[in-house]
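Single-letter residue listing:
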Amino acid sequence: MSNNPYIPHSKKEIKEMLTEIGVNSIDELYNDVPNRLDSDLDIPEASDEFSLRRKLKHLSELNSSLDDYAVFRGAGVYKHLIPAAVNSLASRGEFLTAYTPYQAEVSQGTLQMLFEFQTMITELTGMDIANSSMYDGASATAEAALMAARITKKEDVLVASSLHPEYIEVLKTYCFGADLNVIPVKYSADSGNLDFEDLKEKISENTATLILGYPNFFGIVEHLVKIKELLPKKVLLIAVINPIALGLLEAPGKLGADIVVGEGQPLGNPMNLGGPGLGLFATREKYIRKTPGRLIGQTKDLDGKTGYAMILQTREQHIRREKATSNICSNHSFNALLASIYMSLMGKNGIKEIATRCLKKSHYLYEKLLKIEGISPVFDGPFFHEFVLRINKDKTIEEINEKMLEEKILGPLSLERFFPNMENCALFCTTEAVNNDDITFLAGKLEEIL
Amino acid sequence: MTIFEKSRKNRTGYSLPDEDSLEVQIEKAIPEELLRSKDPSLPESSETEVVRHYNNLSKKNFSVDSGFYPLGSCTMKYNPRINESIASLPGFTELHPYQPEKTFKGALELMYDLKKLLSEITGMKSFTLQPAAGAHGELTGMLIIKKYFRSKGEKRNKVIIPDSAHGTNPASAKMVGFDVVEIKSNDNGIVDLEDLKKQIDEDVAGIMLTNPNTLGLFEKDICKITEIAHEKGALMYYDGANLNAIMGKVKPGDMGFDIIHLNLHKTFSTPHGMGGPGSGPVGVAEFLKDYLPVPIVDLDNEKGYYLKWNLNNSIGRVRSFFGNFNVLVKAYSYILMMGKDGLRLASEMAVLNANYLRKKLSTMIPTAFPGICKHEAVFDGSVLVDDYNVKTIDLAKKLLDYNVHPPTIYFPLIVNEALMIEPSETESKENIDNYISIIKEILVEARNDPEKLKKAPYTTPVRRLDEVTASRSPVVSYRQETEG
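Going down the list, the protein sequences come from chains A and B. Take -18 as the starting number for the first sequence in the numbering used here and just add one per residue. Take 37 as the starting number for the second sequence in the numbering used here and just add one per residue.
Chain A with its partners taken away, still in its complex shape (with noise of 0.2 angstroms):
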């Protein structure tokens, strides 16, 4: 074969190197091992890293890139626009390729970047604490999910039909794992809150938790306060959050949230498909040694100085195995350092004007759709930048966004993907990643359409 740029061993070294060790072969290094393959495992040649890119760039180009479309469509996944000191920084090899900072006086890089992060995660959300990251909004949801259960030793966790479809069917899988049951609460027809009555209803004695999205799928702003006043003492409310709507809306924290979780790549990550996400979890002091994942914590050195360390390693797998909080290891740091830079380039105004800017534009597009012929509303509740509407013409949306695809605007989502029961039914989307020129193109197009 050709030389691989990796691996650096000359003929010559690995000679002098299986004589130091006392065999004379590679293959006396797998003596004690059965089963050994007698072929070539069936897979292609080496390649050479320019032959590579192009054979791959050819695959990307295979996917149409949203970088020049107009995206209409969020539902867990948006598409923001990132300041190219975010990238820039990020790729910096002492961050990318660095682990887990276990040997804490040289990664202090990491940690205090992570300590910064908790920061401003706990600023946020408006809670106490807030760990380094988990993998996802929806598996940090589902660890939510298992910790309150954990506090309240109660089975029963209730979940708003509103929150995000994919999050509540991993909400299930864990349950399922940990032998909780996961009761459905209905939302409101009319206004696509939470149904009041029905959460009644499904408060028991067993109840653990109730997990609602903030905003909820189809972007309406629960009511918090109102929330909470309704369950009992002692069940805790898990507010699963759009960072970026944070900008404008009051911190769940201050409103009786217990555990906040969320998907923070709205924050300058790019959406690369859905993955990696970066798993937002906060919660009240009281709990922080019941908390899931790895906690960064400011110390001092030999001398004095200040640093930061991982802390409350004790709740972890890697020292109490099976008794562990979770058995999360890795986390998304790298994720982390993505939106810890874009929260430090946008700031406090930045923050609040990405957030004003996405809010007044999807009411705006709301208001102008609603004026074409055939399309209505859906609920009536407050939202932040998305929205359901109902479009009663002879066309499907899928057609409808087929005609827009060729426009290189990425429109709604169609709800009946997720809700059988929501035919016609579409989930707009508008951050400031689209221009108002954009907005404006895509009316003019949906009238022509209908």
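Calculated directly from the structure, the hints in this document are not laboratory data. Just so you know, even glycine gets a beta-carbon here, dropped at the ideal spot from N, CA and C. Certain hints may be false.
As the list claims (entries may be wrong) - In silico negatives: residues of chain A with every beta carbon more than 12 angstroms from chain B:
#: 1; residue: Ser32
#: 2; residue: Phe177
#: 3; residue: Arg275
To be verified - Here are the simulated BS3-like pairs of lysine-lysine, each with C-alpha atoms no more than 30 angstroms apart in a straight line:
#: 4; chain 1: B; residue 1: Lys344; chain 2: A; residue 2: Lys153
#: 5; chain 1: A; residue 1: Lys304; chain 2: B; residue 2: Lys234
#: 6; chain 1: A; residue 1: Lys135; chain 2: B; residue 2: Lys188
As the list claims (entries may be wrong) - Okay, the calculated beta carbon distance ranges per label pair:
#: 7; chain 1: B; residue 1: Asp223; chain 2: A; residue 2: Glu42; range: 54 to 62 angstroms
#: 8; chain 1: B; residue 1: Glu263; chain 2: A; residue 2: Ser72; range: 46 to 54 angstroms
#: 9; chain 1: A; residue 1: Asp21; chain 2: B; residue 2: Glu263; range: 22 to 30 angstroms
#: 10; chain 1: A; residue 1: Leu431; chain 2: B; residue 2: Glu190; range: 55 to 63 angstroms
#: 11; chain 1: A; residue 1: Asn187; chain 2: B; residue 2: Glu63; range: 20 to 28 angstroms
Given chain A, put chain B in place with the hints provided.
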């Protein structure tokens, strides 16, 4: 200094398109009581300051790009730049998971092909690429085992795990409600067959094994172990953390494993990213393929590459969307770059490096168990305590002063003062020689002045940190002075 202390009121690090303000009143859209009463105190900085801040932070990190990083069980191999270049193509990054399937056929083909390659490397029938990390893969595997016995109407509640196993193994088993039964390692550092026979019964749902195990030793009785397990109807789970030793040499499927997870961020060179994102694909034998999470990427003569949503016994989703796609691109790129010979060579050189290091270092610090190791070697640091009056941690901390990374220490738990060293194949002979001479030098220092060594490191950005107080009274966020 934290970024919060550098913050100055109304400074910004962004610019946005200048657009006409739309006639929308926020207060009309959202009731006032739902709006923020106080803005979040995010830092306020110029782009210049932000760039300097993170740039300076990065300089306080040790990484694979900085130097030798032989952290045992973590496979800190070099992360090829071509992977990064390919994974950042807009045709891969700028994809929405809910854009129409026909507009990401290239991504589907990549995922399908990656699954096939992983199947060939491991001998497993079918793969899911959904799990986000190794531990997440373990959880997926345990859920599959639970569901499998549930659907057979069997109530098996125990999982057997060796005392040398990674902590994630028992933690994952516990998350799906299994009781963990620990089996002992024998004098040779491998599973004690007699103890296994004693412990196994019809209540055992599975056995979780890492092979080579965490002592770096190959479980040579593996076929016997899988036979014992299968006789009792239990399933065999393979923790793929140490696959880097055996690519192209032997397949977990051929050892009799029913379920495996891989760590693409270890064996397949995707960067560790300070702790993640990783990726933990799970492969299963034929009879378990309908238990995998949905959706599955499949190939159909008419439809081409597509997402398959209906699997009879699927455990459901373990995360949103399709997995850590960006990481999958990097692993795919790596496998194609290496090719069949390259992967085998990687494993061979990883094993060669580990044995070379084992042989040379064991003259100073004895190995925990005798014999040839695979991709890593574990040393018993008792000699440091007995002969030098220092501990493993002191040696580890002193290594930092030499600008190399210490081994994994105090793991596996069954070895006293353990040092677990995994050089990986991307390190040269002289890097290993250098590491050995550094340790030799440190031992001389230890002999001369053990007290001094106990306070190492001296030259790092910070010195030993008080982690006890940090855990006793945790400060996990920067407490900002209250301002408007």
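Status of the hints after comparison with the structure:
1. Ser32: 9 angstroms, violated
2. Phe177: Phe177 (chain A) clear of chain B: closest Cβ-Cβ about 16 angstroms, beyond 12 angstroms.
3. Arg275: 7 angstroms, violated
4. B:Lys344 x A:Lys153: Holds, because 20 angstroms separates the two Cα atoms, which is no more than 30 angstroms.
5. A:Lys304 x B:Lys234: 24 angstroms, holds
6. A:Lys135 x B:Lys188: Holds. Lys135 (chain A) to Lys188 (chain B) sits at ~28 angstroms (cutoff 30 angstroms).
7. B:Asp223 x A:Glu42: 54 to 62 angstroms: Since the Cβ atoms of Asp223 (chain B) and Glu42 (chain A) sit about 58 angstroms apart, the hinted range of 54 to 62 angstroms holds.
8. B:Glu263 x A:Ser72: 46 to 54 angstroms: For Ser72 (chain A) against Glu263 (chain B), whose Cβ atoms are near 49 angstroms apart, the range 46 to 54 angstroms holds.
9. A:Asp21 x B:Glu263: 22 to 30 angstroms: 28 angstroms, holds
10. A:Leu431 x B:Glu190: 55 to 63 angstroms: 56 angstroms, holds
11. A:Asn187 x B:Glu63: 20 to 28 angstroms: Violated, at about 41 angstroms.
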